[in-house]
Amino acid sequence: MNDETNAVAKPEISSAMLSQIDIFLEDFYKRGKEAGKMLADADLDSTQVRGLQNIIVSATRFSQILNFIKNQVGKETGDKKEWRKCGKQLLQQLETLEKQAGEMASQDPALRLEVKLRLARGWGKQVVANYLFLKRDS
Amino acid sequence: MNVDEYLDSDEFRSFLDEGLRQEAINAADAIIRKGCSHVKRHQLYAIPTALQAGGVGELVNLTQNQKSKNTKKVNEEFWSAVYNIVYEGSRTDFSLYRTVKKELTKYGMISDKSQGETKREQNKIKNENKKLIKAVMNDELMHVYFEHFNCHFFYKTNSN
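Heads up: the sequence lines are chains A and B, in that order. Sequence positions in the first sequence follow this note's numbering and run 1 to 138. Sequence positions in the second sequence follow this note's numbering and run 1 to 160.
Worth flagging that the hints you see were computed from the coordinates, not collected in a lab. For each residue, glycine too, the CB sits at the ideal point set by N, CA and C. There could be a bad hint or two in this list.
What the hints assert, rightly or not - Per label pair, the in silico range of CB-to-CB distance: (1) Ser15(A) to Asp112(B): 43 to 49 Å; (2) Lys134(B) to Glu103(A): 47 to 53 Å; (3) His42(B) to Asp79(A): 38 to 44 Å; (4) Lys40(B) to Gln48(A): 20 to 26 Å; (5) Glu58(B) to Ser14(A): 43 to 49 Å.
If we strip away everything but chain A, and leave its shape as in the complex, we get (with noise of 0.2 Å):
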């Protein structure tokens, strides 16, 4: 996929706005943590979740990420259906997140951009921790 090399100066974010991230960061996080057993469930290894946890640290657009997990999708063969069995709820909750930062910046398209990105880290961060967790004893 192709990374865009520009460097981009980042909006000023509230305090406020923060906030409201992490409120809402702290609802999702039922919904992050069950994306996290899903990928366990799914029998995942490390090294796929650690891609994901990559990109979303990474991206510098939204959908790189959502790119990243159809590709990861698109490109199992055979039997392999990790990815297949859980890259559409992964997806439906990157989808609530980009809904979400819509709601909160509409009209600045730095500010959403930003936010989008913010809430996907957020949310990496709870799936990947709870992956590990459950994954532990393996």
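The hints should help you fit chain B onto chain A, whose structure is shown.
Chain B in isolation, oriented as in the chain A frame:
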């Protein structure tokens, strides 16, 4: 705003992430519905390879060659559809030219050619608009569009 300002703007970044993505998804879904879901993966891999090798021009050449040489109906239909996306003269539903023109119109960057009093002036406006749209349909935009397109195509054709 001028084209350089637009290409540096948050509006353009937002378009790459959201509006362009939706257009690519709609195009991929439509092509799949037309019966192209069995197109082999390597056909789609050729798209970013062509862009990497020679930019938009190389991609247009690729689509032209593929649609004219392919004897398999599904591949011919697929490449015809992709040609209609990338070829600047295309005015079909999923034409990128039309998508970008619509996006730039939102920011008042596309002039109405009827503002020209003479045919010559109208053609001048039309050509300036075309130059502007082509400047935005740059390699970055094409790469991102086909990232959205290919990933969604793979996802939809492999997720059942």
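Each hint tested on the structure:
no., hint, result
1, Ser15(A) to Asp112(B): 43 to 49 Å, "holds (45 Å)"
2, Lys134(B) to Glu103(A): 47 to 53 Å, "violated (36 Å)"
3, His42(B) to Asp79(A): 38 to 44 Å, "violated (22 Å)"
4, Lys40(B) to Gln48(A): 20 to 26 Å, "holds (25 Å)"
5, Glu58(B) to Ser14(A): 43 to 49 Å, "holds (45 Å)"
Hint check: violations occur at hints 2, 3; the rest are consistent with the structure.
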